[in-house]
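> Here is what each chain is made of, one letter per residue.
Number of protein chains: 2
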Amino acid sequence: MYIIAMYDVGEKRVGKMLKLLRRYLNWIQNSVFEGEISEVKLLELKHKAMLIMDEKADSLIIFKTRQEKWLDKEIVGLERQELDTFL
Amino acid sequence: MYIIAMYDVGEKRVGKMLKLLRRYLNWIQNSVFEGEISEVKLLELKHKAMLIMDEKADSLIIFKTRQEKWLDKEIVGLERQELDTFL
Chain A
1276 MYIIAMYDVG EKRVGKMLKL LRRYLNWIQN SVFEGEISEV KLLELKHKAM LIMDEKADSL
1336 IIFKTRQEKW LDKEIVGLER QELDTFL
Chain B
1276 MYIIAMYDVG EKRVGKMLKL LRRYLNWIQN SVFEGEISEV KLLELKHKAM LIMDEKADSL
1336 IIFKTRQEKW LDKEIVGLER QELDTFL
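Here the protein sequences come in this chain order: A and B.
All the letters of the first sequence, read from the start, carry residue numbers 1276 to 1362 under my numbering.
All the letters of the second sequence, read from the start, carry residue numbers 1276 to 1362 under my numbering.
Be aware that one or more of the hints could be misleading.
Restraint ranges, calculated between C-beta atoms of paired labels, are given here [claimed, not checked]:
#1 A/His-1322 with B/Lys-1287: 22 to 28 angstroms
#2 B/Leu-1326 with A/Lys-1316: 36 to 42 angstroms
#3 B/Leu-1318 with A/Lys-1323: 36 to 42 angstroms
The list that follows gives simulated cross-link-like pairs (lysine to any residue, SDA-like), each with its CA atoms no further than 25 angstroms apart [claimed, not checked]:
#4 A/Lys-1321 with B/Ser-1313
#5 A/Lys-1287 with B/Leu-1353
#6 B/Lys-1344 with A/Gly-1352
#7 B/Lys-1344 with A/Lys-1287
#8 B/Lys-1291 with A/Ile-1312
#9 B/Lys-1321 with A/Arg-1297
#10 B/Lys-1287 with B/Tyr-1277
#11 A/Lys-1287 with B/Lys-1316
#12 B/Lys-1339 with A/Thr-1340
#13 B/Lys-1316 with B/Leu-1293
#14 A/Lys-1348 with A/Arg-1288
#15 A/Lys-1348 with B/Glu-1311
#16 A/Lys-1344 with B/Lys-1348
I should point out that these hints are in silico values taken from the structure, not numbers from a laboratory.
Ideal Cβ placement from N, Cα and C applies to all residues, glycine included.
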């Protein structure tokens, strides 16, 4: 399964979420990640995210597609910023 | 065509990008939007985005899929924040 995941969490939890998501997916922009992941690993990721998140204030949105080829990615402007530049 | 679009632009250009994208798509989180859009409208959107963006610093990533049903969306935590809360 191929997913795009994006979080919107309180400032205090950004670092932890970033670290967590980087363990499972590839960072593409700001708080957005993408990558191939198994059902089991995704469950694990969601479980761990919920432990970090404040459910009343934070959110994590996941778009899933069975095949990566069903998704076309296009980038306008800068291809990629180094992770360091926004940390 | 169904798309997910996300921008990462300098602070000065955030307001303009937000306003532009909201004219074409639905806001879902931070700088992330989704929606059904035609090829022509997408070209128009990209053209207008490029006029706002600083190509050396900003980026706009677009994921496209021919059919919305190929994408599954899941939200962990807060379902939706009002636009006002992050403006």
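> Against this structure, judge whether each hint is valid.
For each hint, the structure was consulted:
| no. | hint | result |
| --- | --- | --- |
| 1 | A/His-1322 with B/Lys-1287: 22 to 28 angstroms | 39 angstroms, violated |
| 2 | B/Leu-1326 with A/Lys-1316: 36 to 42 angstroms | 41 angstroms, holds |
| 3 | B/Leu-1318 with A/Lys-1323: 36 to 42 angstroms | 40 angstroms, holds |
| 4 | A/Lys-1321 with B/Ser-1313 | 33 angstroms, violated |
| 5 | A/Lys-1287 with B/Leu-1353 | 17 angstroms, holds |
| 6 | B/Lys-1344 with A/Gly-1352 | 29 angstroms, violated |
| 7 | B/Lys-1344 with A/Lys-1287 | 35 angstroms, violated |
| 8 | B/Lys-1291 with A/Ile-1312 | 35 angstroms, violated |
| 9 | B/Lys-1321 with A/Arg-1297 | 29 angstroms, violated |
| 10 | B/Lys-1287 with B/Tyr-1277 | 28 angstroms, violated |
| 11 | A/Lys-1287 with B/Lys-1316 | 38 angstroms, violated |
| 12 | B/Lys-1339 with A/Thr-1340 | 11 angstroms, holds |
| 13 | B/Lys-1316 with B/Leu-1293 | 16 angstroms, holds |
| 14 | A/Lys-1348 with A/Arg-1288 | 28 angstroms, violated |
| 15 | A/Lys-1348 with B/Glu-1311 | 16 angstroms, holds |
| 16 | A/Lys-1344 with B/Lys-1348 | 17 angstroms, holds |
Violated hints for the displayed structure, listed by number in ascending order: 1, 4, 6, 7, 8, 9, 10, 11 and 14.
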